[in-house]
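Letter by letter, the chains look like this.
Protein chains: 2
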Amino acid sequence: MFTLTFQSDEQIPLYQQLYRYIKDEIESGHIQGGQRLPSKRALSAHLKISIITVETAYAQLVAEGYIVSKPGSGYYAEHFIDNPACDDAGAEEEQPACPPADIQYDFHTNRIDTSDFPFSTWTKLSREVLSERSEDLLNACPAQGTAALRIQIAAYLKNFRGMEVSPEQIFIGAGSEYLTGLIIQLLGRDNAYGVENPGYNKTYQIFSANTSRVFPIPMDEKGASAEAISGFGINVLHITPSHHFPLGIIMPVSRRQELLRWAYSREGRYIIEDDYDSEFPYTGRPIPTLQSIDRNGRVIYINTFTKSLAPSMRISYMILPPALCQRFHNRLGFYSCTVPVFEQLTLARFMEKGHFDRHINRMKKIYRQRRDLLCQTISEGRLGKIAEISGCDAGMHLLLTIHNGMKQSQLVSCAAAEGARVYGLGEYYSFPVSDMPENIVVAGFSGLNEQQLILGAAALERAWAP
Amino acid sequence: MFTLTFQSDEQIPLYQQLYRYIKDEIESGHIQGGQRLPSKRALSAHLKISIITVETAYAQLVAEGYIVSKPGSGYYAEHFIDNPACDDAGAEEEQPACPPADIQYDFHTNRIDTSDFPFSTWTKLSREVLSERSEDLLNACPAQGTAALRIQIAAYLKNFRGMEVSPEQIFIGAGSEYLTGLIIQLLGRDNAYGVENPGYNKTYQIFSANTSRVFPIPMDEKGASAEAISGFGINVLHITPSHHFPLGIIMPVSRRQELLRWAYSREGRYIIEDDYDSEFPYTGRPIPTLQSIDRNGRVIYINTFTKSLAPSMRISYMILPPALCQRFHNRLGFYSCTVPVFEQLTLARFMEKGHFDRHINRMKKIYRQRRDLLCQTISEGRLGKIAEISGCDAGMHLLLTIHNGMKQSQLVSCAAAEGARVYGLGEYYSFPVSDMPENIVVAGFSGLNEQQLILGAAALERAWAP
Chain Y
1 MFTLTFQSDE QIPLYQQLYR YIKDEIESGH IQGGQRLPSK RALSAHLKIS IITVETAYAQ
61 LVAEGYIVSK PGSGYYAEHF IDNPACDDAG AEEEQPACPP ADIQYDFHTN RIDTSDFPFS
121 TWTKLSREVL SERSEDLLNA CPAQGTAALR IQIAAYLKNF RGMEVSPEQI FIGAGSEYLT
181 GLIIQLLGRD NAYGVENPGY NKTYQIFSAN TSRVFPIPMD EKGASAEAIS GFGINVLHIT
241 PSHHFPLGII MPVSRRQELL RWAYSREGRY IIEDDYDSEF PYTGRPIPTL QSIDRNGRVI
301 YINTFTKSLA PSMRISYMIL PPALCQRFHN RLGFYSCTVP VFEQLTLARF MEKGHFDRHI
361 NRMKKIYRQR RDLLCQTISE GRLGKIAEIS GCDAGMHLLL TIHNGMKQSQ LVSCAAAEGA
421 RVYGLGEYYS FPVSDMPENI VVAGFSGLNE QQLILGAAAL ERAWAP
Chain G
1 MFTLTFQSDE QIPLYQQLYR YIKDEIESGH IQGGQRLPSK RALSAHLKIS IITVETAYAQ
61 LVAEGYIVSK PGSGYYAEHF IDNPACDDAG AEEEQPACPP ADIQYDFHTN RIDTSDFPFS
121 TWTKLSREVL SERSEDLLNA CPAQGTAALR IQIAAYLKNF RGMEVSPEQI FIGAGSEYLT
181 GLIIQLLGRD NAYGVENPGY NKTYQIFSAN TSRVFPIPMD EKGASAEAIS GFGINVLHIT
241 PSHHFPLGII MPVSRRQELL RWAYSREGRY IIEDDYDSEF PYTGRPIPTL QSIDRNGRVI
301 YINTFTKSLA PSMRISYMIL PPALCQRFHN RLGFYSCTVP VFEQLTLARF MEKGHFDRHI
361 NRMKKIYRQR RDLLCQTISE GRLGKIAEIS GCDAGMHLLL TIHNGMKQSQ LVSCAAAEGA
421 RVYGLGEYYS FPVSDMPENI VVAGFSGLNE QQLILGAAAL ERAWAP
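Taken in sequence, the protein lines are chains Y and G.
Heads up, the final residue of the first sequence is numbered 466 in the numbering used here, and it's a clean run with no missing numbers.
Heads up, the final residue of the second sequence is numbered 466 in the numbering used here, and it's a clean run with no missing numbers.
Just so you know, these hints were derived from the structure itself, not from any lab.
Even for Gly, the Cβ is constructed at its ideal location relative to N, Cα and C.
One thing to keep in mind: the hints can contain errors.
[Said to hold, decoys possible] Quick look at which bits of chain G chain Y covers, simulated, 3 or more residues with Cβ under 8 angstroms:
(1) 46-56
(2) 141-148
(3) 173-184
(4) 274-282
(5) 300-313
(6) 335-341
[Unchecked claim] These stretches of chain G come out as covered by chain Y in the derived footprint (C-beta under 8 angstroms, 3 or more residues):
(7) 189-203
(8) 346-353
Take these sequences, add in the hints, and give me the full structure.
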């Protein structure tokens, strides 16, 4: 039987660890094609893990073609073929290259540390909601979400962001991706939508999947500008002013006002303000959101709990100006709210009792320490002479401009060879630009603990300044 | 202080009862404009309900303009103006007419009885998942949903629907509405989509919100036909073959095969099979789904747990043919799964332990009894002479053709005057047709208990055959 040791302090779920172990054993030939695997029950007892964990691992292996299920008989290893995904001649588009297998330090920009999530508090509140509100948990809630959660969000925005928002302007949905799709339905697919270039790749993908009229907006040192938009006939602009992804720009008030004037100057112009990183500012006083300085109902504000709580909780919200609230109820009010009532009520209670504020403050402290540690380790080592750090006044990532003669792809591949993954800035351009910087990489620090950050920085040093 | 009595056996949540009570008191003038309402804490203690219940009721009253919150002071009744919603001159479209307030028996077609939901089992499993799988609950799951749930759905479909589906063909999403939007993104907005006319209004609304090319397909006694589609240049057809809504047609095998031949006869043609009511067939042997007799990968199957479990749980799934799975991963794989991992794992365990099967069987029995009771009560009374019942071989609603000289609108309004709500068949036509029947109403029976059904049928009798 298998003899793997689970690493309980790792963030990798047990089933993933099991799946990877068996996959490696098959790829390396330790488990041979045709060999029968242990039954789920036997393996569960042997490894002292739940059957469902084994099932999940087996299911993933089946899905990827490493093993097959023979009904009434069990699971058998397939004869291993190198890179089976590439055999599929029917695939319409190219497969992404397989990632190198030995990355130990992934400076991912979209990973948060869930080990500090107050899980026992969350489960306690979950239990309370389960036992106190059984009726509410079964009946459908209003299309825009439960009043209980919308009230808490409005109170939070008032206390921590200085925003005056009524709960009836708030619309809850299963993720910012989903809400962005709703906004396109609300405003109309025929608008010309502008997205930041570079920017969050998913934003461009979502707009592309929902409308054919999406245009890349070049950035200057303050973000998108009215001048940059003017050439495209844009009437809806999507921006991340509180901390631009990936450039890290915090848009100054003057530029925010310039964009609002742009929106006011013609009917039907709107700004979608994605405030995804706003919970984690590190320096200076927070700048008012566009939503809060908008006087003409032209800003749609989006934010998410995915980054501030946990990726598995698909809860985001948008704030619509009153005229668009009315339009939403008229045109899209038939849609059911996509977030289960249970999650909404648990989160409402979590916020009401002050746990959300405390959690955000704790994580802000942790992320700031990580940022400082990474910056310090880089500055004080050999990298200090060739690396410029920028874009780290907020959020969960920073930019490294490396002056050692290497270009982006070489920076990324040399880092990978030393076990560290960073991301070339060029990856975030939906459209290439002529003056694209060639020696900048993006490094997230929120998903790595202190030891990993120190070792990861050392790996970068070996790669770039040996 | 208020003196309302909560009706604990009703399906109306406590906050709704409180909200309605206060609303009525304001409208009737018992609470006067400017009068201060009890504090949330005081009212919660007085009525022995949770503060969050009071908060939710107050929030709804604030949202609708019945009361205002004065920070640091409390809640005050607004000066009541008749029908404030209609005062809003900025509203873009017309408001629907306010429903009569005295409906006691709502034969709603989209309501399920949650009083028989095994809530204590569900909460027990929820607690197990919370305590056993903390890591999994925080990390993001695959875009198409957790393997654990997909495995259970595949097993269910095999055992109860005779469908051979691999878990990797299954995609979990927060409701059929959301999945339908994804399908349009997957197949392309430029296709010509056909929807049944009459049909489920939301289906037409979702397609309209996502594409400009949606066409109404007329029905004959077997449902949509290849001939009916031919005039529109349709290449994607959305149908409800297991129990057409609202006509109640169960599409015969011959027609299913005809539609498959239609799909096979040209590249890029697809059928979306919405199997929403399939868990509740009452007569005859179930007919194989189009998905299971499709040999060329042209059927996309959708089903939901909203109707079989509870409306508050937004869990649906679709089954894609292999080529579309690949296309999904390539084009839309960036989307996160919209259903929280916690709900997915709880449902997976609920299914794994056999609770889902037992619940479906129990509800099928209950709904069949309700259907039989309603049919019997109608047939044996004075209505028996003037009413024809049809469309009730499956699902949660039936059609009543009434031969008393009344037209649809009169049938509906006379029923409402007696306290019963039924729905004119004409409401389900997205496009009017010339031969629209004028004396047919739709009555759902799943949301009313036995006593309500008997009293509701008596109300219909008073209305239509006095």
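Query raised in the report: the segment 173-184 of chain G covered by chain Y? Criterion: 3 or more residues, Cβ-Cβ distance below 8 angstroms.
Result: With 5 residues close enough to chain Y, the hint holds.
Query raised in the report: For the segment 335-341 of chain G, do at least 3 residues have a Cβ located nearer than 8 angstroms to some Cβ of chain Y?
Result: holds (count 7)
Query raised in the report: Given as covered by chain Y, does the segment 274-282 of chain G meet the bar of three residues or more with CB within less than 8 angstroms?
Result: violated (count 0)
Report task. Count residues of the segment 346-353 of chain G with a Cβ under 8 angstroms from any Cβ of chain Y, then say if the count reaches three. Result -> holds (count 3)
Query raised in the report: Are at least 3 residues of the segment 300-313 of chain G within less than 8 angstroms of chain Y when you compare beta carbons?
Result: It holds: at least three residues are needed, and the segment 300-313 of chain G offers 5 whose Cβ sits within less than 8 angstroms of chain Y.
Query raised in the report: Within the assertion that chain Y covers the segment 46-56 of chain G, do at least three residues meet a Cβ-to-Cβ distance smaller than 8 angstroms?
Result: Holds, because 4 residues of the segment 46-56 of chain G bring their Cβ atoms closer than 8 angstroms to Cβ atoms of chain Y.
Query - Three-residue Cβ test at 8 angstroms for the coverage of the segment 189-203 of chain G by chain Y - result: holds (count 3)
Report task. Tell me if chain Y covers the segment 141-148 of chain G under the three-residue, 8 angstroms CB rule, please? Result -> Holds, because 4 residues of the segment 141-148 of chain G bring their Cβ atoms closer than 8 angstroms to Cβ atoms of chain Y.
Going through the hint list in order, the structure does not satisfy hint 4, though it satisfies all others.
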